[in-house]
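What follows is the residue order along each chain.
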Amino acid sequence: MTFFDALDILGTVAFAISGALSAMNRKLDLFGIFIIAFVTAIGGGTIRDILIGNTPVSWMQNTTNLYLIGGVTTMSIILRNKLDYLKKSLFLFDTIGLGIFTIIGVEIGIKAGLEPIICVALGTMTGCFGGVVRDILCNEIPVIFRKEIYATASIAGGICFISLYNANIDQNIIYVSTALLIIIIRLIVVKYRISLPLFTIKTKK
Amino acid sequence: MTFFDALDILGTVAFAISGALSAMNRKLDLFGIFIIAFVTAIGGGTIRDILIGNTPVSWMQNTTNLYLIGGVTTMSIILRNKLDYLKKSLFLFDTIGLGIFTIIGVEIGIKAGLEPIICVALGTMTGCFGGVVRDILCNEIPVIFRKEIYATASIAGGICFISLYNANIDQNIIYVSTALLIIIIRLIVVKYRISLPLFTIKTKK
Amino acid sequence: MTFFDALDILGTVAFAISGALSAMNRKLDLFGIFIIAFVTAIGGGTIRDILIGNTPVSWMQNTTNLYLIGGVTTMSIILRNKLDYLKKSLFLFDTIGLGIFTIIGVEIGIKAGLEPIICVALGTMTGCFGGVVRDILCNEIPVIFRKEIYATASIAGGICFISLYNANIDQNIIYVSTALLIIIIRLIVVKYRISLPLFTIKTKK
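Protein chains in written order, with our numbering: chain A, 1 to 205; chain B, 1 to 205; chain C, 1 to 205.
No wet-lab data here; the hints were simulated from the structure. Hints are supplied without guarantee of correctness; some may be wrong.
The list treats identical chains as interchangeable, and a pair is accepted whether it falls inside one copy or across any two copies.
Stated by the list, open to error - Here are the computed lysine to any residue pairs in the SDA-like style, where the Cα-Cα straight-line distance is at most 25 Å: (1) Lys27 - Ala156; (2) Lys27 - Asp8; (3) Lys111 - Gly53; (4) Lys27 - Leu198; (5) Lys27 - Tyr67; (6) Lys111 - Leu51; (7) Lys27 - Ile52; (8) Lys82 - Cys160; (9) Lys191 - Gly53.
Turn these sequences into a full structure, and let the hints steer you where they fit.
Next comes the structure, spelled out in structure tokens:
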């Protein structure tokens with residue numbers, strides 16, 4: 001197992017926990033909890049695969065992640081009242097997941113020979129759209145459209161990846177730089193409560 | 001026409017009626033009623049086809065079902081105030097639909113050479129996700145995430161199908177056993193008002 | 001650049017503006033505004049491409065529209081308080097967009113050798129489903145299911161296209177006739193406040 005695989009697993013675990021907590025907060029039943037955990041962890045990659053025509057989608061070709069998500073969700077349910085104390089590490093895991101999944105998405109775009117802007121979009125979708133599908137299924141306006149720099153950090157990471165890639169930098173350095181950039185942006189944003197500007201339309205009175 | 005085809009038609013009819021009634025309850029207009037009936041009847045199979053890369057999706061390759069859904073929806077609108085008396089048979093039809101569509105989904109997965117757990121997932125998606133898309137379009141939390149054993153019955157049926165298939169049982173016996181299992185679970189669940197457990201998170205006061 | 005290309009651009013521009021205004025009305029942040037503008041303009045075509053298996057989807061193969069949508073959305077944000085005066089032309093652009101996108105969808109269906117009813121469905125999805133995805137992301141019941149003749153105009157246009165095509169009419173005449181039919185239906189419907197009938201279910205008291 002490579003360092004990259006380990007990070008992939010960390011990302012999947014973090015997203016599964018985040019999905020399971022989210023579902024329990026919304027009082028979904030046992031089945032709902034598993035589905036939402038599953039969707040949060042693999043939704044972004046699934047949408048990416050569908051858009052580029054990589055079918056059967058990844059989780060159908062390699063089922064390891066399914067069992068991982070199942071196990072993590074079961075643990076989340078058992079430990080649900082203790083996870084509160086894990087919130088800080090959860091935020092870190094989630095951010096690591098965002099970093100890793102962005103990298104995976106960008107790289108798949110490059111391998112498919114797509115244009116740089118599309119590679120960045122694929123990275124962002126892989127990183128963020130699991131959460132979007134989770135929020136849609138739970139009947140809420142996806143949180144990334146409202147207040148987080150979440151997607152913006154992912155976009156910045158994607159641009160960083162593509163730039164370093166075009167400069168022929170060593171792959172491992174690209175991975176680490178991209179992930180670090182995304183993590184640092186998220187940490188700064190959350191620490192200083194930065195948010196993207198809103199543009200409201202004036203209505204006449 | 002085989003017995004299997006007849007059941008397929010029954011399932012499509014039941015899901016179309018259920019979608020049309022659902023749309024009228026939400027005061028959608030004529031177009032909305034047809035779209036929701038259509039989506040409820042073919043949504044699960046469409047998501048399955050997209051995920052495994054079976055495109056153009058089934059209803060584009062064989063349009064018989066489209067005309068069937070159109071006719072059934074028209075009848076549902078005309079008879080909308082009489083369908084109340086049909087509720088019990090509707091529940092039965094709907095459950096038959098769940099059984100048949102689960103079988104179709106599992107079998108497509110097996111033919112595509114996918115792993116057993118994925119075949120079960122495809123069966124469940126084929127059976128249940130029409131209703132999920134219907135609820136999302138109608139801006140509600142999908143009902144299967146909240147209180148029904150619906151999906152659980154479909155999963156049990158899928159596991160039954162795969163087990164019998166691996167034991168080299170005759171195909172017709174597999175079909176009947178799987179469908180019966182799903183129907184019996186649903187009947188028991190509804191009769192005894194069984195539901196999956198909820199796991200809520202304690203909040204400090 | 002052909003007349004057809006010019007219309008395509010006009011349609012994309014109109015849908016992007018409509019999406020951006022919609023997002024600002026819902027107080028989404030900067031990222032949300034761009035995503036919703038993007039989804040409104042390319043959502044219909046994306047769903048069409050996924051259903052027929054035309055992947056990577058169109059906007060990944062030709063990125064011109066992405067830059068166009070980005071520019072238009074930026075302008076919409078800057079001019080957001082002046083766009084009020086443009087409402088009438090916006091409605092016209094939007095209707096032109098519906099006409100053009102319906103044509104594009106029908107034609108793609110014909111080229112893929114699909115049945116007439118499927119070609120009409122593809123035209124309607126290309127024209128309307130960007131707005132449907134926009135409404136789902138914004139957590140509202142899609143407006144086309146509730147009060148507009150929007151989709152119905154698109155369906156009528158699709159049927160017109162197919163009929164003329166089967167009669168071997170010159171392609172440019174088909175384009176103009178289809179677009180005009182859709183635009184005229186929309187204008188009449190809005191002017192005379194026509195809407196599709198609702199069918200409600202009587203409840204016993």
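Hint-by-hint comparison with the structure:
1. In this assembly of identical chains, the alpha carbons of Lys27 and Ala156 lie at most 25 Å apart only when taken from different copies (23 Å versus 35 Å within one copy).
2. Taking identical chains as interchangeable, the C-alpha atoms of Lys27 and Asp8 are never at most 25 Å apart, the minima being 29 Å within one chain and 34 Å between chains.
3. For the identical chains of this complex, Lys111 and Gly53 are neighbours both inside a copy (13 Å) and across copies (19 Å), given an alpha-carbon limit of 25 Å.
4. Proximity of Lys27 and Leu198 under a CA criterion of 25 Å is satisfied inter-copy only: 6 Å between copies versus 31 Å inside one chain copy.
5. For the homomeric pair Lys27 and Tyr67, the shortest alpha-carbon distance inside one copy (23 Å) is at most 25 Å, but the shortest distance between copies (39 Å) is not.
6. In this assembly of identical chains, the alpha carbons of Lys111 and Leu51 lie at most 25 Å apart whether taken from the same copy (15 Å) or from different copies (21 Å).
7. Taking the shortest alpha-carbon separations for Lys27 and Ile52, neither the intra-copy value of 35 Å nor the inter-copy value of 31 Å comes in at or below 25 Å.
8. For the homomeric pair Lys82 and Cys160, neither the shortest alpha-carbon distance inside one copy (37 Å) nor that between copies (36 Å) is at most 25 Å.
9. Neither within a single protomer nor between protomers do Lys191 and Gly53 lie at most 25 Å apart by alpha-carbon distance, with minima of 39 Å and 43 Å respectively.
In this structure, the hints that do not hold are numbers 2, 7, 8 and 9, in rising order.
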